[in-house]
Amino acid sequence: AQSVAQPEDQVNVAEGNPLTVKCTYSVSGNPYLFWYVQYPNRGLQFLLKYITGDNLVKGSYGFEAEFNKSQTSFHLKKPSALVSDSALYFCAVRERKDSSYKLIFGSGTRLLVRP
Amino acid sequence: EAGVTQFPSHSVIEKGQTVTLRCDPISGHDNLYWYRRVMGKEIKFLLHFVKESKQDESGMPNNRFLAERTGGTYSTLKVQPAELEDSGVYFCASSQAYTGELFFGEGSRLTVL
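Protein chains in written order, with my numbering: chain F, 1 to 115; chain G, 116 to 228.
Be aware that one or more of the hints could be misleading.
Label-pair distances were calculated between CB atoms; the ranges are [what the hints assert, rightly or not]:
{"#": "1", "chain 1": "F", "residue 1": "Asp98", "chain 2": "G", "residue 2": "Thr188", "range": "18 to 26 Å"}
{"#": "2", "chain 1": "G", "residue 1": "Lys193", "chain 2": "F", "residue 2": "Ala14", "range": "42 to 50 Å"}
{"#": "3", "chain 1": "G", "residue 1": "Ser124", "chain 2": "F", "residue 2": "Ala14", "range": "30 to 38 Å"}
{"#": "4", "chain 1": "F", "residue 1": "Asp9", "chain 2": "G", "residue 2": "Lys193", "range": "47 to 55 Å"}
{"#": "5", "chain 1": "G", "residue 1": "Thr120", "chain 2": "F", "residue 2": "Leu112", "range": "25 to 33 Å"}
{"#": "6", "chain 1": "G", "residue 1": "Gly186", "chain 2": "F", "residue 2": "Ser99", "range": "31 to 39 Å"}
{"#": "7", "chain 1": "F", "residue 1": "Asn68", "chain 2": "G", "residue 2": "Glu198", "range": "37 to 45 Å"}
{"#": "8", "chain 1": "F", "residue 1": "Pro18", "chain 2": "G", "residue 2": "Pro123", "range": "26 to 34 Å"}
{"#": "9", "chain 1": "G", "residue 1": "Gly187", "chain 2": "F", "residue 2": "Ala1", "range": "26 to 34 Å"}
{"#": "10", "chain 1": "G", "residue 1": "Glu198", "chain 2": "F", "residue 2": "Asp98", "range": "24 to 32 Å"}
{"#": "11", "chain 1": "G", "residue 1": "Glu167", "chain 2": "F", "residue 2": "Ala14", "range": "48 to 56 Å"}
{"#": "12", "chain 1": "F", "residue 1": "Tyr61", "chain 2": "G", "residue 2": "Glu129", "range": "38 to 46 Å"}
{"#": "13", "chain 1": "F", "residue 1": "Lys97", "chain 2": "G", "residue 2": "Glu216", "range": "13 to 21 Å"}
{"#": "14", "chain 1": "F", "residue 1": "Ala14", "chain 2": "G", "residue 2": "Gly186", "range": "50 to 58 Å"}
For lysine to aspartate or glutamate, the following EDC-like pairs were computed, each having C-alpha atoms within a straight-line distance of at most 16 Å [said to hold, decoys possible]:
{"#": "15", "chain 1": "G", "residue 1": "Lys156", "chain 2": "F", "residue 2": "Glu8"}
{"#": "16", "chain 1": "G", "residue 1": "Lys159", "chain 2": "G", "residue 2": "Glu200"}
{"#": "17", "chain 1": "G", "residue 1": "Lys169", "chain 2": "F", "residue 2": "Glu8"}
These are computed hints drawn from the structure, not numbers from a lab. A quick note: this is a predicted structure, and the numbers were derived from the prediction, not measured. For glycine and all other residues, C-beta sits at the position ideal for the given N, C-alpha and C.
Bound-form chain F, shown alone (with noise of 0.2 Å):
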């Protein structure tokens, strides 16, 4: 079965310093990867996903992911981090069985950025 595993409860970082988010995957073949951010009472949001190519890859609100397929890792990071920035991230890896996909997720990493 595939999974993710996101190792820090929570990760604290000045306002304008760069933020990291780690993600650890565990699949069999190749892996689709995401990353979603979940605000104070709102849904989860995509952010962005890996699938196949580069292995930088950049979502939305100047987010951007680095799959490394040696240290099964799929970290999320920012250059610059903002104090809206704070809020819940999942880590997710796609999952297939029989005809049907799902998204398994890991358990969440808070990120708390302090002005």
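Mind docking chain G on chain F? Use the hints.
The following block gives chain G in isolation, referenced to the frame of chain F:
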């Protein structure tokens, strides 16, 4: 275009009672998913509809949970009878294609006392 809508946003019930959660997907989206997040843990898959058919219900915890999708449009998730461990946030998501990009509702928070 309207997004995925869920109702109610919050429900507080006693153990043993019944609750029905509703999800209206984005119009035209054949795929509809139910997920649940229990306090601080991962978002767990419950089941997947394609139109009105259940494609994968491997995540349904037990037979106290019943999901339906009438005519391939909106979906309901009924919990009967509710137990304390059913508390959590229930998310619905929809997608048109198997691209993996799911569109989520804001969730229905269920509290069982």
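A quick look at each hint next to the structure:
no. : hint                             : in the structure
1   : F:Asp98 to G:Thr188: 18 to 26 Å  : holds, 24 Å
2   : G:Lys193 to F:Ala14: 42 to 50 Å  : holds, 47 Å
3   : G:Ser124 to F:Ala14: 30 to 38 Å  : holds, 34 Å
4   : F:Asp9 to G:Lys193: 47 to 55 Å   : violated, 33 Å
5   : G:Thr120 to F:Leu112: 25 to 33 Å : holds, 29 Å
6   : G:Gly186 to F:Ser99: 31 to 39 Å  : violated, 21 Å
7   : F:Asn68 to G:Glu198: 37 to 45 Å  : holds, 42 Å
8   : F:Pro18 to G:Pro123: 26 to 34 Å  : violated, 40 Å
9   : G:Gly187 to F:Ala1: 26 to 34 Å   : holds, 28 Å
10  : G:Glu198 to F:Asp98: 24 to 32 Å  : holds, 30 Å
11  : G:Glu167 to F:Ala14: 48 to 56 Å  : holds, 50 Å
12  : F:Tyr61 to G:Glu129: 38 to 46 Å  : holds, 42 Å
13  : F:Lys97 to G:Glu216: 13 to 21 Å  : holds, 19 Å
14  : F:Ala14 to G:Gly186: 50 to 58 Å  : holds, 52 Å
15  : G:Lys156 to F:Glu8               : holds, 12 Å
16  : G:Lys159 to G:Glu200             : holds, 14 Å
17  : G:Lys169 to F:Glu8               : violated, 35 Å
Checked against the numbered hints given earlier, the structure breaks hints 4, 6, 8, 17 and satisfies all the rest.
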